[in-house]
Amino acid sequence: MTTADGSVTGTTQISGAAPRNRAFNIVLLGDGFQAGQQAAFNAACTAFATALLATPPFDELAPAINIFRTNVTSTDAGADDPVSGGGTGATARTYFDSSFGGNGIRRLLVCNAGTVLTTAAAQVPEFTLALVVVNSTIYGGSGGSVGTFSLAAGASEIAIHESGHTAFGLADEYPYYAGGAETGHDHHPAGEPGEPNVTLNTNRATLKWGWAVNAATALPTMSNPNCAAVDSRASTVPAGTVGTFEGAHYYHCGAFRPEYDCKMRNLGVPFCRICRQVIWNRIGPLGDLQARARTPISVLARYPEHLDVFAVDASGRTMSDWWDASSGWAGWFHLSGGISSAGGRGAAGSPVTSVSRYSGHLDVFTVGTDNRVYSAWWDRNGGWSGWFALGNLVARPGSTVNVVARTNDHLDVFTIGSDGKVMSCWWDAAGGWSGWFNVSGGVAANGAQVTAIARYPFHLDLFVVGTDNRVWSCWWDDRSGWSSWFQIGAQKARSDSTVNVVARHRDQLDLFTTAEDGKIVSTWWNATGGWGGWFQVSGGVASPGSQVTAVARYSNHLDLFTVGTDNRIYSTWWHDTTGWAGWFNVSGGVAAPGSTVTALSRVMEQLDVFVVGSDGKVYSTWWHDTTGWAGWFRLGIT
Amino acid sequence: MPDTDQPAAPAGAIRLIFEYDGDDVRLIHRQPVDVLVPGFDAAPDIRTGRFAEVRDADDRALARVAIRHDASSREVFPEDPGDPITRVDVEHPSGAFTVVVPASEAASQVALLDVDVPPPPPPGERGIASAPAEPRENVLGVFPLTGREAGQ
Ligand SMILES: [Zn+2]
Ligand SMILES: [Zn+2]
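Those protein sequence lines, which keep their order, are chains A and B. Position 133 of the first sequence, counted from 1, bears residue number 133 in my numbering, the numbering being contiguous throughout. Position 108 of the second sequence, counted from 1, bears residue number 108 in my numbering, the numbering being contiguous throughout.
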């Protein structure tokens, strides 16, 4: 019983139109179908495609899913059905050698996985998932690297459950190993499971799917009253309630699942909200991100060969993508289920801001739809946390959270309260999070954001456009604490203008903002000469709502970026020996009106630039000192 | 200009198919393939599980791709909806699995690793991190990504 028992006759795409190199490609291969029985295989494939694409979230993800059938003719019909597994003793000469009765259990339908995988690779080199459809009406199937299922009613559900393990890394949510009568499965052992859909933790603030839990839902939502047995009571909450339900991951007690039911617990029911999210984060990144156009993108380089990018999609979801020199762009994924505040009418909306205290760690911040400040982190050990609220501050809708890491063990966080007050809190490794406080009585103009910079580990400078539309600053020093606010010259700024600041070296600050008429203006401070006067930079004018972005690649050079009144993306630079250059359009780029350009320099000879384009997609380009500006590319997965 | 240093450059990829019989793992198929390896599969955080680790010629790790294949047990599904799904242990695991790894110009070999990360602290605890315990890594085998085609 080998490949001599049949032949591959061809492959047909039966669903999907995504480019094969950026799709979730499923190959269905037939076994035990004779030449005259191929129509039955074809019908089974069509039925599977219909069932899968009707199963949320695959319905929403269908544009990125291709389904193929590979027709294989076998010498005999059916599959082996050994007596040792309770079968009839029938044998069938088939291409993939399918057999019921694996492990002595008739319903365990197994095949030669090596032959299946090499056949799939030859037929559809880009395949993601290989499934074998076996020509038998005996109920059966199995998982692993190759899923199998028979023609029996409902068997395709096996393949969908198994893909939850193989393609998406989901855990089993059922609360027993061998059906519930086994011993040794009363209490889950210590140690948080790594899978995203089971947990030992019922703390609302730290629950890994806490983002999906309604504040009114009790945690734990259901507790098993008798750990010696499986809790077989009906749900005590409405279907679809996300909480923590005891009994999961093969144990009666101690482990919790996100909803009462899920396809990772029972066949024939929908995936729970959390499993749907995980599946989305595997397939969704193959597509493009439709960004909330005016929300600034945040980017940082934890080390020079790696970028982490944060954006907000058109529906407010907090999104991230990353690039690594070894593996390219990862694709946009939904960051811990977060939704960011859109702000008032016409507002830019709250961005996701980010900081890296050291190369194996990220901290991110945003203002949520309830206008509270949220944070999450990524750590090389453990991956992404959920979002958690920082105290009870109610921020101005759409406010930006600015964050500075003065040291590896300290964060200073700044935002604008609902009353316009400039608010701050901090985190310290030794003491955790502080409460919020108003910085020296400061109040921001409606729409203005506060910016912060740490020139030294013991010093902070803050900048904001005040209610009089003038530029104000104050500082903090560990010996003297917070200073009063003082006005920087007489320049009037646009009320929604951010004051961007860079320190080319520790005793120099360069400030950039937009005047009331949109002119791009700058001033500077240094330790020897104090504050300079305001001046317009090379005649530049920003589009209404757009900010000015500055990067200091080295101590005697600055690069500026903005969106001009024609919505083109402009840049200029300053060099100490030549002064300011004229503005030029970067590689023909056109941005969304009122959007903001993000730029960073991960190595001195390079700039990486990010924008939301006029079509609402995120684009990037780079400049290298040996090759100049590259063309814009759409940021997604590569 | 080395295009691996540029964010836009596609990395290229290689499909590998392995067969195993107990602890013995053999590479039976190696094929360059035009397909994107999503960050979902090549996440940079350190997790428990089996991985294909792409390495350069000097044994430096370039990327890790998850292999989600539990050979130690199999699932048995009920014919009647509502009856429990169960698992049975596999005494002598044998079978095959596949993985697609990103292949930048520097990629020269791939190691199969079983990684065991000690349980993390409860989510949300971020006090002074006592240095996390080192993950244990067991190398099942190292296989070339270039040179004579495997399994051909
Ligand atoms: Zn399962
Ligand atoms: Zn679930």
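Any given hint could turn out to be false.
Computed from the model, here is a short list of chain B residues facing chain A with C-beta under 7 angstroms [what the hints assert, rightly or not]:
(1) 25
(2) 33
(3) 86
To be clear about the criterion: a stretch of chain A counts as covered by chain B if any three or more of its residues have a C-beta under 8 angstroms from a C-beta of chain B, and this derived list gives those stretches [to be verified]:
(4) 99 to 105
(5) 114 to 124
(6) 243 to 257
(7) 262 to 274
(8) 327 to 335
(9) 584 to 597
Simulated from the structure, these hints should not be mistaken for lab results. A virtual CB, placed ideally from N, CA and C, is assigned to each residue, including glycine.
Against the structure, the hints:
| no. | hint | in the structure |
| --- | --- | --- |
| 1 | 25 | violated, 12 angstroms |
| 2 | 33 | holds, 5 angstroms |
| 3 | 86 | holds, 5 angstroms |
| 4 | 99 to 105 | holds (count 3) |
| 5 | 114 to 124 | holds (count 5) |
| 6 | 243 to 257 | violated (count 1) |
| 7 | 262 to 274 | holds (count 4) |
| 8 | 327 to 335 | holds (count 6) |
| 9 | 584 to 597 | violated (count 0) |
In summary, the structure is inconsistent with hints 1, 6, 9 from the numbered list given earlier, while agreeing with the others.
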